[in-house]
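> Letter by letter, the chains look like this.
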Amino acid sequence: MAGVAGFPRSNLAAPAGVPRLRGPTLIADMHNTETSISSTTSSPALFRMQDVSKRFPNGTLALQGMSLECGDHEFISFLGPSGCGKSTALRLIAGLSKISSGTLEWPNRQAAATGGRELSFVFQEPTLMPWTSVFNNIWLPLKLSGVSRDAAAPAIQKVLDMVGLARFADVYPRELSGGMKMRVSIARALVTQPRMLLMDEPFAALDEMTRLKLNNDLLAIWREHRFLVIFVTHSVYESVYLSNRVVVMAARPGRVIEEFQIDEPYPRSEEFRTSSRYNQHCIAVQRTLYSALDGDESADH
Amino acid sequence: MSHLDEHQRKMQRRDRAVRTVIPLTIVIALLIGWEMIVRINEIPHYILPAPSLIWKTLVDNWATLWPALWFTIKLTLLALLAAVVGGTLLAVAFAMFRWVEIGFFPIAVILQVTPLIAIAPLILIYVPNTTTALLLCAWLVAFFPILSNTVIGLKSADRNLRDLFELYQASPWQRFRYLLIPSATPYFMAGLKIAGGLALIGAVVAEFTAGTAGQETGLASRILESSFRTEIPMMFAALFLVSLLGVAIFFVFATLSKLVLGHWHESEMRREA
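Chains as they are written, first to last, in my numbering: chain A, 87 to 387; chain B, -9 to 263.
In isolation and in its complexed conformation, chain B is listed as follows:
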């Protein structure tokens, strides 16, 4: 038995190593290829900077880039938090009261399908505080996946379990707490993973719009500013940080999803070899 356990642990370690090593190797190979192409062809840095130069620029300009990164992080997370709170509350209202869903769902869809880039200038005009306006833009993009996924989740509770709760005369709160919330959790987590990425996209797009209006606060503004000055390595450095932030957000929520659902839900359970 212990021999089998040891073998299983060994296999798991190997699986984890493979999952880390393969993507890492590919990324490193791409970076080396990029570096070599730039050096061999002597491509000027204002056309395509080498990864080493981008890294040097990032380190040299960290004092400028860090506040911008921090602003984007704050904006993204605040927008996501607002999306989670607003989307979840609205989803509960949709699931509990049919008239709320009938009345408000079309509005939610309109807000979702209208391109943010088209609404952002209006929001920046009507909302006096720029940070609030940026937050509103990012929230608009992020809240819909939370809303629609959570609504589906709340409505997807097992029919027999619903009957069981009715049979045992559960109160509406008990039904919500012990049946609907757990049933909706996998759907909510899927929505959260999408919304995390969208909140960042919303924050960056809104920053671009605000940047053109003269506000320089986030990474998007750094990118704009660098493009005006043709500082291509700086553009890449800021872009790298945006991508890194997106990847970090994805991994945080993927890990959270695994923690919450890993012990019971099919989507996050580890398959036996």
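Bound conformation, chain A alone:
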């Protein structure tokens, strides 16, 4: 949450010129499941969450009344403090956890199956199999689908080239740096040519330089392949730099409080990071995040 520090806690209105998709939807009553976010995306809906809640067996309400529509080719960031349900939402979308109430629809089901090779996931840790080579780690999703090693080799080489690890196919994960391991993890996610890539704070454990480099690399890959990305992060700056939509969430219970459209052209470079537009977006998002941290709904109004 370093990005929040240093900003005043009053005057939480968005700076002029920063588009806000809708008004704040902070819900005081945890039983109220009326929160609804309508997407402004013009691309066809890949999946739609309607009033989705998740309560864990211990009674914790991890997510309340989340509604979201995501289209093909979007880059969406879930941003919020720890415990706001970002990762839970991601796991629900991936089908790794079951929703307690609400609906999760895939309008174009054939093209966007909820599992298998249409959807890929990158975890916070690289989550590689330490007992086998980089090549075999990337081969895994294809192998599980019955694709032989030889048949998979061109696709694996392609994604290795994409992430800049072409010479490292035969090494073991322990021989790689943290950033390189994460690149392997991304390559594994991309090898199936997914239509949807879910990323759960993938760069959180990396140093700043590596993180910036991987941000740029990820954007370059996304621009080339244009799959839907849902990217969970704690960093305001990262979310604004990467996304065309930032979904800000609050904790206790986890819920969406606001969405920001980042209508800035791609490719985004270091120049964008230092531009006034970028700062305006960051300030707007940070202020909303402050309201989430303080639980001060009125400030956002």
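Treat the hints with care, since some could be wrong.
Listed next, with one range per pair, are the computed distances between beta-carbon atoms [unchecked claim]:
1. A:LYS244 - B:GLN2: 34 to 40 Å
2. B:LEU101 - A:ALA290: 43 to 49 Å
3. A:LYS244 - B:TRP163: 25 to 31 Å
4. B:ARG9 - A:ASP293: 33 to 39 Å
5. A:PRO143 - B:GLY93: 23 to 29 Å
6. B:ILE100 - A:PRO143: 45 to 51 Å
7. A:VAL257 - B:PRO57: 47 to 53 Å
8. B:PHE87 - A:THR189: 30 to 36 Å
9. A:VAL257 - B:ILE100: 43 to 49 Å
10. B:ILE142 - A:THR189: 39 to 45 Å
11. B:PRO105 - A:ASN144: 40 to 46 Å
12. A:PHE358 - B:MET86: 49 to 55 Å
13. A:ALA237 - B:THR120: 54 to 60 Å
No wet-lab data here; the hints were simulated from the structure.
Every residue gets a Cβ at the ideal spot worked out from N, C-alpha and C, and that includes glycine.
With chain A fixed as given, assemble chain B onto it according to the hints.
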């Protein structure tokens, strides 16, 4: 670069030499000390034989000792094999079916915690074939480390990797083959190293029990027989072979563990200087 490689190889050779020379020197020094104490104090051989006499006894009685050693080797390895097969299969059943674990784990614990020396006479009574009875005794001791370690290993697969396999809709067999087995291997290897030693202990203890019932087949029986005849050098010679067998088993499994895990698992990886 080649200079650095050469230096690294040199350091590795030196490290290997140090690891061999130091323990060997200590063992030789102890043996020399032992020999000197016996000779200087003129200790009778029926109280404490000198290492040279033990070695002479071993060579002179090799025709008697070798069949006993071979029997103990066979018994130990068969018991270990049975422990590996039984322990692993049971571990897989425990990991796959919770009701199997709930139902059978207490029985496994009871068999483990009850002293073998207390069960062995009963087993020798109920099992008609002595060799089978000895095998059962050794198996009882050896199988539990395999079982408990493998169960822990199968349950220790990385949570995110489990999710990944679920996401990619892996079949139960694929999950088992590509995730659970590799994840459990370090734990299994640790269990195997323990079980190797325990199988030998089980075989020797069972032989002792069977020996008292009149069966003379393994090294333990040679030790018993020698003790009845007060042939102390022979006792030491047989004891030496038992120890040698234990050390050999340990080194075989330690080497196997290094071969299987050395390229990826923290426990067996060589540290950079």
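> If a hint holds in the structure, say so; if it doesn't, say that too.
Each hint, compared with the structure:
1. A:LYS244 - B:GLN2: 34 to 40 Å: About 38 Å separates the Cβ atoms of LYS244 (chain A) and GLN2 (chain B), which means 34 to 40 Å holds.
2. B:LEU101 - A:ALA290: 43 to 49 Å: The hinted range 43 to 49 Å holds for LEU101 (chain B) and ALA290 (chain A), with Cβ atoms some 47 Å apart.
3. A:LYS244 - B:TRP163: 25 to 31 Å: holds, 29 Å
4. B:ARG9 - A:ASP293: 33 to 39 Å: holds, 37 Å
5. A:PRO143 - B:GLY93: 23 to 29 Å: holds, 25 Å
6. B:ILE100 - A:PRO143: 45 to 51 Å: violated, 33 Å
7. A:VAL257 - B:PRO57: 47 to 53 Å: holds, 51 Å
8. B:PHE87 - A:THR189: 30 to 36 Å: For THR189 (chain A) against PHE87 (chain B), whose Cβ atoms are near 34 Å apart, the range 30 to 36 Å holds.
9. A:VAL257 - B:ILE100: 43 to 49 Å: holds, 48 Å
10. B:ILE142 - A:THR189: 39 to 45 Å: holds, 40 Å
11. B:PRO105 - A:ASN144: 40 to 46 Å: Between PRO105 (chain B) and ASN144 (chain A), where Cβ atoms are some 43 Å apart, the hint holds.
12. A:PHE358 - B:MET86: 49 to 55 Å: holds, 52 Å
13. A:ALA237 - B:THR120: 54 to 60 Å: With Cβ atoms ~57 Å apart, the hint holds.
The structure shown violates just one earlier hint, number 6.
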